[in-house]
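Build the full structure now, drawing on both the sequences and the hints.
Residue numbers (our numbering), protein chains in the order written: chain A, 1 to 245; chain B, 1001 to 1247.
Hints were generated in silico from the structure; no laboratory data involved.
Please read all numbers here as calculations on a predicted model, not as lab measurements.
Where is the CB? At the ideal position from N, CA and C, for every residue including glycine.
Heads up, a few of these hints could be off.
[As the list claims (entries may be wrong)] Derived, one-sided and incomplete: chain B residues facing chain A with beta-carbon distance under 8 Å:
hint, residue
1, ARG1050
2, ALA1054
3, SER1056
4, LEU1103
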Amino acid sequence: MTAPFPTRKQEDWRYADLEALQPVWEQFAEPLTLIVGPGETFEEVWLPTADDVQVRRIQLALGAGAKARIFALNTAPVYGRVELDISLAEGADFELYGANIGTGLSTNEIVTTVKHVGVGGRSRQVIRSVLNGKATGSYLGKVEVARGAQQTDAEQSIKAMLLDRGATANAKPELEIFADDVKCAHGATVGELDAMQLFYAESRGLDPAGARALLLEGFIMGLWDSASDCGAIAEAARAALQRVV
Amino acid sequence: MLKITNLHATVADKPILNGVSLHVPAGEVHAIMGPNGSGKSTLAYVLAGRPGYAVSEGSASFDGRDLLALEPHERAAAGLFLGFQYPVEIPGVSYLQFLRESLNSQRRSRGEAELSGAEFIKLAREQAKLLGMDAEMLKRPVNVGFSGGEKKRAEMVQMGIMNPKFAVLDETDSGLDIDALKAVGAGINRIMRGPGKGVLLITHYQRLLDYVEPDKVHVLNGGRIVRSGGPELAKELEREGYVEAAA
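Structural data, given as structure tokens:
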């Protein structure tokens, strides 16, 4: 039986493009479950496809001391959703580096729940959004630290760049902590390109579009630095940026 | 080469330049000196086309072209270089990428062939070495983590790479120790001294002029040139201060 179709009243679907999701819901109704065994390492690079609607729903359980690192470029022409539900056992380590790059009327969102269940887990989520036109880019990220998950170290860094007045960025980091010896940091900024940086680049000979592209590249590209092979995602991100500049 | 006539400019509706007239012929270096708030940096920004710096009257021509009608990047392609008083940091973008894309963008708009990665790196290394800067620093993000002196040296490396026809250098000497000052002075002479080139050197102090001898010195005060003279004027200013000398 297919899971019920979500409604906007559900917090983690409130910015979703449900109309775009409806026709393809059956394919995505059940999240994919993955398990990374104790001490094992998992790394994936999620590249965009050519589909109008691109959805990934993953449940990922990290065993004790397991490490997972995900690089995600979310840039669907209509609706893109990267949904991750992660649980971390003792000493597990999770990193997500994600970008929403949106143009036109598109909606791209990254929705995560990171559950620190064991002691000494570490999670780090770095999300960057670049949006133009009337595009929406969202990050909804809940970090749950269970009772007893002491020495948890969780970090969320969310930054968005709006290139047009009609573009929207939503950033909602959320913490639910039931342990008393933890470190949970989060920061969110929404801004525009810096006028002085643009002028500096233009004074060196870059035309306005080239200057914007270069600054945005600097804003996004640092995300992929730690990937074992960042070639494909860097290239896809560059192509996506060219569409929004 | 650069001809400024009765230039008036405002910043946030406040008049800053009140009728600057100045002619720098090809082959000459002119110094502009003046007290804080006299309009020196505004003049530099107006010449480079910084948004928000509005020209309300007057004109500026560069090699016979109407400079003020050009966008900032078109001014760069035409051969104008602004050395920033406060060079800007750009996190996430390496100096090499920044300068290569800038230079190639200039070359494209002049109808010249772009430099390949290898050609560019060779040029950048050469220029960094001539300015006494570690070429490894060019792999770092633009000006991020650079000291004040390193930023100014890097401006000169940029100027060497761009090889412009005309440079407006806005207090390039501020924040430099003596060795850096000598290196920067030598850089200006090497890159910018020559027929068909010109420099407008904006400075507070005489000391840079010990290394880059100007053909003319102008005193800017209250948004106008109040006095002009030869190199000896700079020495007089240093001795007597702006109030006396400009009186």
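Against the structure, the hints:
{"no.": "1", "hint": "ARG1050", "verdict": "holds, 5 Å"}
{"no.": "2", "hint": "ALA1054", "verdict": "violated, 14 Å"}
{"no.": "3", "hint": "SER1056", "verdict": "violated, 20 Å"}
{"no.": "4", "hint": "LEU1103", "verdict": "holds, 7 Å"}
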